[in-house]
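Using the hints, position chain B against chain Y.
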Amino acid sequence: MTEAAAGPNGSPGTTRVSIASGPLVGPVLRRVVGMLAARADLPLDRLDDAVLVADLIATRAPAHMQTGSVDVDLETGDRTLFLRVGPLRPGGGEALILDASVPGVGNVIEQLADDITVKPDGESEYLLVRLAYAS
Amino acid sequence: MPAHAFTRSWPADPALIGATPSPVRLSLPAQPRNIAVVRRALEAIAEELALPRRLIEDMRLAVTEACTNVVRHAYTEAEARHASAMRVALLPEADGMRVIVEDRGRGLGPSPDAHGPGLGLPLIAALTSQLEVSHSADERGSRVAMSFIEAA
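Protein chains in written order, with the working numbering: chain Y, 3 to 137; chain B, 57 to 208.
Calculated from the structure, these hints are not laboratory results. Just so you know, even glycine gets a beta-carbon here, dropped at the ideal spot from N, CA and C.
To be clear about the criterion: a stretch of chain Y counts as covered by chain B if any three or more of its residues have a C-beta under 8 Å from a C-beta of chain B, and this derived list gives those stretches: (1) 21 to 31; (2) 37 to 46.
The following residues of chain Y were derived to be distant from chain B, with all beta-carbon distances above 12 Å: (3) MET67; (4) ASP80; (5) LEU100; (6) VAL107; (7) GLN113; (8) ASP116.
Chain Y on its own, in the form it takes in the complex (with noise of 0.2 Å):
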């Protein structure tokens, strides 16, 4: 093993999802961000908030890729759950933000995460969203 991987928190565990843009990213999206965030111990109010951002991150992000796939790190804490989405275009990382907003009700990664992030990385930027609940 000579990869040095971190996550999205900064350390090795990661679970790293890629989707061809598509159909499939829904749904495996959807189902593994759930999983990661019943892990995490997220109650099931947050829990429904990650499922959401998954949601939002699916049908959004493919825009902003950098390539014609959906990657996103995955990464659970003490009751709280990171997302890394990219390697994305440059801008691609406040696109997706922007792109989040849905009329009537604001931009909603903004609403439900605690921690929104876009980190430069050379020639594309990733998005690091994190979802926690504190008691």
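Just chain B now, with coordinates in the frame of chain Y:
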């Protein structure tokens, strides 16, 4: 008649699954709890393809066995925590699905706590339409390629 091959080898290419065109790829630490993640992804695709329940059950069982082999045999505890220790490609096909489970560890072998050969591979062979089990030419890793085809 199912086709099963157990002794092929593939090139020592660490990015083999990455080079395989596949709609869904997963890279995960080789830990027991992650087998369920693979199963969830598999189920999502199978249901999206409206595959028959019986075929889905066979797929779940065979893929669970293949992933369990990686978790139990391929790595030391420290190596298993690596983010890409277990790699899975899920490839929908016209009449079913092809699933590849790959590791870069010690490959398949007997369990230290088992007496005699296990039932894992024979079980997988019984559940698949086609099975290829191969080892990396550099002796690092194994690859289990399973095809599941809907019965006519």
